[in-house]
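All chains should be built: construct the whole structure from the sequences, respecting the hints.
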Amino acid sequence: MRLGLCSGAAPEASLEELVEAAARRGLTALELREGDGHHVGVADPLIAAAVVERAAASGVTITGYRAIQSSDPRTLARLGELLGAPILVDGPADIPTRVSRAVAIRDDGADAAVAVRGREAVTDAAAVYGQGLNVAWDVEPGSVPPGPTVAMLLKGAGPRLRHIRLHGGGPEADLNEGKGIGEMTGRLALAGYAGTVILTPTSPRYRIAWHTWLGRRGGWGCGSKTAEPDLVRLGNPIS
Amino acid sequence: MRIRPLPDTKTLDVRIIPPREKHPTIFQTFEALEPGDSFILLNDHDPLPLRHQFQFEHEDEFEWTYLEQGPAVWRVEIAKRAKA
Numbered sequence: 001m002r003l004g005l006c007s008g009a010a011p012e013a014s015l016e017e018l019v020e021a022a023a024r025r026g027l028t029a030l031e032l033r034e035g036d037g038h039h040v041g042v043a044d045p046l047i048a049a050a051v052v053e054r055a056a057a058s059g060v061t062i063t064g065y066r067a068i069q070s071s072d073p074r075t076l077a078r079l080g081e082l083l084g085a086p087i088l089v090d091g092p093a094d095i096p097t098r099v100s101r102a103v104a105i106r107d108d109g110a111d112a113a114v115a116v117r118g119r120e121a122v123t124d125a126a127a128v129y130g131q132g133l134n135v136a137w138d139v140e141p142g143s144v145p146p147g148p149t150v151a152m153l154l155k156g157a158g159p160r161l162r163h164i165r166l167h168g169g170g171p172e173a174d175l176n177e178g179k180g181i182g183e184m185t186g187r188l189a190l191a192g193y194a195g196t197v198i199l200t201p202t203s204p205r206y207r208i209a210w211h212t213w214l215g216r217r218g219g220w221g222c223g224s225k226t227a228e229p230d231l232v233r234l235g236n237p238i239s
Numbered sequence: 001m002r003i004r005p006l007p008d009t010k011t012l013d014v015r016i017i018p019p020r021e022k023h024p025t026i027f028q029t030f031e032a033l034e035p036g037d038s039f040i041l042l043n044d045h046d047p048l049p050l051r052h053q054f055q056f057e058h059e060d061e062f063e064w065t066y067l068e069q070g071p072a073v074w075r076v077e078i079a080k081r082a083k084a
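So the sequence lines, in the order shown, correspond to chains A and B.
Counting along the first sequence from 1, when you hit position 171 you're at 171 in this note's numbering, and nothing is skipped either side.
Counting along the second sequence from 1, when you hit position 17 you're at 17 in this note's numbering, and nothing is skipped either side.
If you are wondering where the hints come from, they were derived from the structure by calculation, not from laboratory data.
We treat Cβ as the ideally placed atom computed from N, Cα and C, and that holds for glycine.
Accuracy of the hints is not assured; some may be wrong.
[Claimed, not checked] Here chain B is said to cover these stretches of chain A; the calculated rule only asks that three of the stretch's residues, wherever they fall, bring their Cβ under 8 Å from a Cβ of chain B:
(1) 23-32
(2) 189-200
[To be verified] Just some of the chain A residues that point at chain B, by a computed CB distance under 8 Å:
(3) M1
(4) E12
(5) L46
(6) I47
(7) L166
(8) G169
(9) P171
(10) A173
(11) D174
(12) N176
(13) I181
(14) G182
(15) T185
(16) A227
(17) E228
[To be verified] Far from chain A, some chain B residues (derived; all Cβ distances over 12 Å):
(18) R15
(19) G36
(20) E61
(21) T65
(22) Y66
In structure tokens, the structure reads:
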């Protein structure tokens with residue numbers, strides 16, 4: 001499992017600032033969201049190679065480009081090839097539309113995944129990996145139980161579950177207490193999950209907390225003195 | 001500092017886990033291992049309190065090997081000893 005950062009955690013930040021922040025926090029993956037301040041996009045795909053080189057120099061890998069607008073699949077495919085990273089097809093369109101876009105990107109020679117989320121994540125994921133595409137799961141703790149959901153996704157998608165974006169990690173981690181993140185993480189570890197877990201804020205109102213968190217090293221407490229075993233249930237199998 | 005990519009193995013990155021769930025998650029993951037198996041623990045500080053807890057609760061049942069010791073990331077391979 002590789003832990004990383006979404007550019008949505010600092011939407012005004014330049015690529016340089018994002019890479020430095022990720023490296024400072026020991027995060028080895030960076031997901032670029034379309035439209036953020038890094039300015040990497042379909043308008044000028046040729047800068048992608050320089051982007052990859054700059055990130056790699058700090059030990060950070062671009063692990064995905066989240067496309068949320070209806071850009072031309074061929075241009076997105078070209079961008080993905082130059083970044084050496086999959087295009088994560090997201091946005092307001094329904095699943096069949098997103099799957100079609102991802103298939104078109106794949107047919108143009110690039111790696112593609114489709115974003116799934118919410119209560120339909122498991123059902124939608126089946127439509128995604130049924131087309132031979134990878135799954136990018138958006139986790140919003142509180143909307144679905146992450147532990148049982150990831151177990152079902154791992155059972156169905158297997159190695160095609162490649163990208164997970166967690167809303168509310170980082171400085172918001174305390175707010176996720178009791179919502180199943182421990183269980184989710186344990187299940188991912190035991191399954192040998194080798195994909196990414198990308199951190200992103202739950203809301204723009206936490207931007208100051210994220211800005212502070214990204215600007216410093218160190219943890220926010222190991223929790224050894226206040227551990228609560230009843231908050232984690234790894235032993236319950238999924239039927 | 002350049003962080004080396006992880007090999008494809010069981011990796012438990014506790015940095016995303018709420019503090020009060022970290023130790024329970026780690027111990028339940030350890031208990032779910034088969035004898036002879038291991039996982040890599042990733043943390044943002046040296047997990048010494050955890051090591052002490054392992055020594056208290058699982059004396060002679062585990063092995064603890066540091067793979068990386070900061071400054072941003074600590075990696076420890078925690079193995080469940082095979083049964084004699």
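Hints and how they fare:
1. Figure legend: the stretch 23-32 of chain A, annotated as covered by chain B; annotation consistent (5 residues with Cβ-Cβ distances under 8 Å, at least 3 required).
2. Residue count for the stretch 189-200 of chain A with a Cβ under 8 Å from a Cβ of chain B: 7. That meets the three needed, and the coverage hint holds.
3. Restraint check, M1(A) versus chain B: the minimum CB separation of about 4 Å is within 8 Å; hint holds.
4. Look at E12(A): its Cβ only gets to about 24 Å from chain B, farther than 8 Å, so that hint breaks.
5. Proximity of L46(A) to chain B is violated relative to the hint, the smallest CB-CB distance being about 26 Å (cut-off 8 Å).
6. Taking 8 Å as the C-beta contact cut-off toward chain B, the hint placing I47(A) at the interface is violated, the least distance being around 23 Å.
7. For the restraint placing L166(A) at the interface with chain B, the shortest Cβ-Cβ distance is roughly 6 Å, inside the 8 Å limit, so the hint holds.
8. Residue-level restraint check for G169(A) holds (minimum Cβ-Cβ distance to chain B is 4 Å; threshold 8 Å).
9. The criterion of a C-beta within 8 Å of any C-beta in chain B is not met by P171(A), whose closest approach is roughly 12 Å, and the hint is violated.
10. At its closest, the beta carbon of A173(A) sits 5 Å from a beta carbon of chain B; the interface hint therefore holds under the 8 Å criterion.
11. Annotation: D174(A) was flagged as interfacial toward chain B, and the flag holds, the nearest CB pair being 6 Å apart, inside 8 Å.
12. Annotation: interface hint on N176(A) holds; nearest CB of chain B at approximately 5 Å, less than 8 Å.
13. Among the interface hints, the one on I181(A) holds; its C-beta lies about 6 Å from the nearest C-beta in chain B, closer than the 8 Å criterion.
14. The restraint placing G182(A) at the interface with chain B holds, with a minimum CB-CB distance near 3 Å, inside the 8 Å limit.
15. With its C-beta approaching chain B no nearer than about 5 Å, T185(A) sits inside the 8 Å limit, and its interface hint holds.
16. For A227(A), the interface hint holds, the least distance from its beta-carbon to any beta-carbon of chain B being 4 Å, beneath 8 Å.
17. Given hint, E228(A) at the interface with chain B, holds; its Cβ is 4 Å from that chain's nearest Cβ, closer than 8 Å.
18. With a least beta-carbon separation of about 6 Å from chain A, R15(B) fails to lie farther than 12 Å from that chain, contradicting its non-interface assignment.
19. At roughly 15 Å, the least C-beta separation between G36(B) and chain A is larger than 12 Å, which holds for a residue marked as non-interface.
20. Separation of E61(B) from chain A is adequate, the least Cβ-Cβ distance of about 18 Å exceeding the 12 Å criterion.
21. Remark: the non-interface label on T65(B) is consistent with the geometry, its nearest Cβ contact in chain A lying 17 Å away (cut-off 12 Å).
22. At the 12 Å boundary, the C-beta of Y66(B) stays outside the reach of chain A, the nearest C-beta of that chain being 15 Å off.
Taken one by one, the earlier hints fail for this structure at numbers 4, 5, 6, 9 and 18, listed in ascending order.
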